[in-house]
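Turn these sequences into a full structure, and let the hints guide you.
There are 2 protein chains.
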Amino acid sequence: MVQYVGVHDLIRLIRLQGIETVLRELAEYIEDDFRRWPAFDKRPRLASHSEHGAIELMPTSDDALYSFKYVNGHPGNTRDGLQTVIAFGMLSDVRTGYPLILSEMTLLTALRTAATSAVAARYLARADSRVLAIIGAGAQSEFQATAFKTLLGIDTVRIYDTDPDATQKFCDNMKNSGLSITIAASSQEAVEGADIITTITADKQMATILSDNMIGAGVHINAVGGDCPGKTELQADILTRGRVFVEYTEQTRLEGELQQMPEDFQVTELWEIIAGNKKGRRSARDITIFDSVGFATEDFSALRYLRDKVSGTSFCKTLDLLANPEDPRNLFGLLNSSVPDEECSFE
Amino acid sequence: MVQYVGVHDLIRLIRLQGIETVLRELAEYIEDDFRRWPAFDKRPRLASHSEHGAIELMPTSDDALYSFKYVNGHPGNTRDGLQTVIAFGMLSDVRTGYPLILSEMTLLTALRTAATSAVAARYLARADSRVLAIIGAGAQSEFQATAFKTLLGIDTVRIYDTDPDATQKFCDNMKNSGLSITIAASSQEAVEGADIITTITADKQMATILSDNMIGAGVHINAVGGDCPGKTELQADILTRGRVFVEYTEQTRLEGELQQMPEDFQVTELWEIIAGNKKGRRSARDITIFDSVGFATEDFSALRYLRDKVSGTSFCKTLDLLANPEDPRNLFGLLNSSVPDEECSFE
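The listed protein sequences correspond, in order, to chains A and B.
For the first sequence, the tail end lands on 347 under the working numbering, and the numbers increase by one without skipping.
For the second sequence, the tail end lands on 1347 under the working numbering, and the numbers increase by one without skipping.
The hints are simulated quantities; they were obtained by calculation from the structure and are not laboratory data.
Among the hints, a few may not be true.
Said to hold, decoys possible - Keeping only pairs whose Cα atoms sit at most 25 Å apart, straight-line, the calculated DMTMM-like set for lysine to aspartate or glutamate is: (1) B:K1042 <-> B:E1031; (2) A:K279 <-> A:D32; (3) A:K42 <-> A:D93; (4) A:K42 <-> A:E263; (5) B:K1175 <-> B:E1189; (6) B:K1309 <-> B:E1031; (7) A:K175 <-> B:D1327; (8) A:K42 <-> A:E20; (9) B:K1042 <-> A:E269; (10) A:K309 <-> B:D1320; (11) A:K317 <-> B:E1189; (12) A:K42 <-> A:D32; (13) A:K317 <-> A:D93; (14) B:K1279 <-> B:D1032; (15) A:K175 <-> B:E1326; (16) B:K1317 <-> A:D320; (17) B:K1042 <-> A:D41; (18) A:K279 <-> A:E269; (19) A:K42 <-> B:E1051; (20) A:K42 <-> B:E1250; (21) B:K1175 <-> A:E326; (22) B:K1278 <-> B:D1264; (23) A:K42 <-> B:D1041; (24) B:K1175 <-> A:D327; (25) B:K1042 <-> B:E1250; (26) B:K1317 <-> B:D1041; (27) B:K1042 <-> A:E250; (28) B:K1042 <-> B:E1028; (29) A:K279 <-> A:D264; (30) B:K1309 <-> A:D264.
Said to hold, decoys possible - Derived Cβ-Cβ restraints for the label pairs, each shown as a range: (31) A:D308 <-> B:G1312: 34 to 44 Å; (32) B:P1075 <-> A:D308: 28 to 38 Å; (33) B:E1028 <-> A:D327: 28 to 38 Å; (34) B:N1336 <-> A:D308: 17 to 27 Å; (35) A:E326 <-> B:E1326: 44 to 54 Å; (36) A:R130 <-> B:S1314: 56 to 66 Å; (37) B:N1324 <-> A:T21: 21 to 31 Å; (38) B:R1024 <-> A:T208: 34 to 44 Å; (39) A:R130 <-> B:S1311: 45 to 55 Å; (40) A:S311 <-> B:D1308: 30 to 40 Å.
Remember, it's a predicted structure, so these values are computed and weren't measured experimentally.
C-beta atoms are modelled at their ideal positions from N, C-alpha and C, and glycine is treated no differently.
Next up, the structure:
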């Protein structure tokens, strides 16, 4: 049997543990896996594009575990009241190839994206950072605010979105968070005095959410929204002025802010900072940019965390996903075997 | 919600419908999809190799539907009483990226492999074929015998396996099939007088299950067992003497009997025969070889069939795999929402 964590059970888990605990624990798994980066089999995601959007498979593995995530990106879905992005994933045993756990990953991806942002910021932002600007109050915004509060000690969030309803939704969700929230009238106003800036807008186009003149010395930019071909958020000048950090260079050149830069533009992979091979922030005046597009190892970490957390508890069910005859060669025998003949009709 | 067909429900479906009906209906879907081959987005499978085996993702899509299959291949698994190959898969809506149905695919793959073999043989074997030789009495053998009986009117099967227990298992499973079964003492004896030969052995090596002198004029060879790098079953001379048909050339050159042949060795893709673009068998004396490795479109067909067959019936359950907040941007709101607070404890 394969363990299964559905939306309902994951929500129960997060509510019972508290989202801050979940983010803190998840961040440890993500950090641990970045630290042992060379142990992973890495490749760009496998995307299937249509006029409506993309469906992607994101596999990775180490010596013991294999994971993949199924995730779509359909910008027009919100028109029909559907999610732009939904996801699920699976963790398997490399030794046998058998699946271990299947999980919803729409919520889990939102958590791991925010946790990854916060892990990166711990190495790249100034240690005295207290004010976070968030540009874009979409589905990821509250996860970002909560992760930065939990993992970095952010106490103030300045939020901006072109849609006042989205901003209101953000404020409603954050009202008991303990964060001081300010609604800004523009991106410019949001970033004034911010130590860290998260850009997480949804438009699928080359946009300029942040221009160079808005970025002061010492700021850390967490660029999350530019995450697919044809979608960027930062003016290219910012990337030249600051130092750029990425997850997996090959993928970020295709999908991240790096799309705007020449192919030999110098970047540093985040894992090298976490592993201690290279230095992150060098001075209080550095501008650091985490050009984040999301990578398969982060999903691996999230599934590994989830499995350790829920195995054997009431937070997972079991699925009969695997045909397992007593004699492995006698698959056909299952059709004659003693499966109970329930009352059933076929219509 | 996503529809889910587990092992238990699939077995119930097959038992209630009868495996012959299922194979016949499935074969129609497979044939229809081969006929519209150019409509599919095709690519080689994405494999992750380890010392223990391989884990593969096999995606494909047309304008309306996307499918992928997860499948492993771990030759050492039988030692531990596990299946060498287990699989599951999913069909999704290209327009929204949302999953439609998740299914076990260990049994479903066995069915689609046999149905594909029979579909190919209908175009490539002599119409008066009545005797089938099967070399290898493993997990796929009974499915092959049943598909050839149902779809081609085979009435006699000559079976050979190096392991008498496997042969016995085959005979036990086939005892009420209506087929006349003969146990052969060697491959040579099995193929004597056979119209069609299925090779479906399990050894992961370059083997010679069939040598050139065993193959008479007019025979159709259904080579199913040579299906991964380093594994073949036929002596290369046979491929030169006969005409070779494949599913997807690029993949078969890596995984099929074609591994033994030069890169420019002439083959014909099966879909061209089914679509009527090219001729299959040209005379009663032709030797035809279907060098089958299994392709993603066959899984697509199987999932499409299953969905049409079980949607809305008791043969599928539903899974809460997709987080679906009322306001798509308010994913975070799910964590504060009215999910019932059941009695639960976290240990």
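| said: What's the verdict on K317 (chain A) and E1189 (chain B), does the C-alpha distance respect the 25 Å limit or exceed it? | reply: 51 Å, violated
| For the pair N1324 (chain B) and T21 (chain A), does the Cβ-Cβ distance stay inside 21 to 31 Å? | 25 Å, holds
| Satisfaction of hint between E269 (chain A) and K279 (chain A), Cα-Cα up to 25 Å | Given pair K279 (chain A), E269 (chain A) holds - Cα atoms ~11 Å apart, limit 25 Å.
| Can the restraint linking K42 (chain A) and D32 (chain A) be considered satisfied, given a maximum Cα separation of 25 Å? | 16 Å, holds
| request: For the range 34 to 44 Å, tell me whether the beta carbons of D308 (chain A) and G1312 (chain B) fit it or not. | output: 38 Å, holds
| Does the structure keep K42 (chain A) and E263 (chain A) at a Cα separation of 25 Å or less? | Holds, because 20 Å separates the two Cα atoms, which is no more than 25 Å.
| said: What's the verdict on K309 (chain A) and D1320 (chain B), does the C-alpha distance respect the 25 Å limit or exceed it? | reply: 19 Å, holds
| task | Measure nothing beyond the straight line between the CA atoms of K42 (chain A) and E20 (chain A); if it is 25 Å or shorter, mark the hint as holding. | result | Violated, because 29 Å separates the two Cα atoms, which is more than 25 Å.
| said: Checking one constraint from the list: CA of K1278 (chain B) to CA of D1264 (chain B), max 25 Å. Satisfied? | reply: 19 Å, holds
| task | Compare the distance between the alpha carbons of K42 (chain A) and D93 (chain A) with 25 Å, and conclude whether the hinted pair is satisfied. | result | 17 Å, holds
| query | Keeping to a limit of 25 Å between CA atoms, is the pair of K1175 (chain B) and D327 (chain A) held or broken? | reply | Satisfied, since the Cα-Cα distance of roughly 18 Å is no more than 25 Å.
| field | Hint consistency between K1309 (chain B) and E1031 (chain B) [alpha-carbon to alpha-carbon, up to 25 Å] | value | With Cα atoms ~17 Å apart, K1309 (chain B) and E1031 (chain B) stay inside 25 Å; holds.
The structure fails hints 8, 9, 11, 26, 30 and 38 (numbered hints given earlier, in ascending order).
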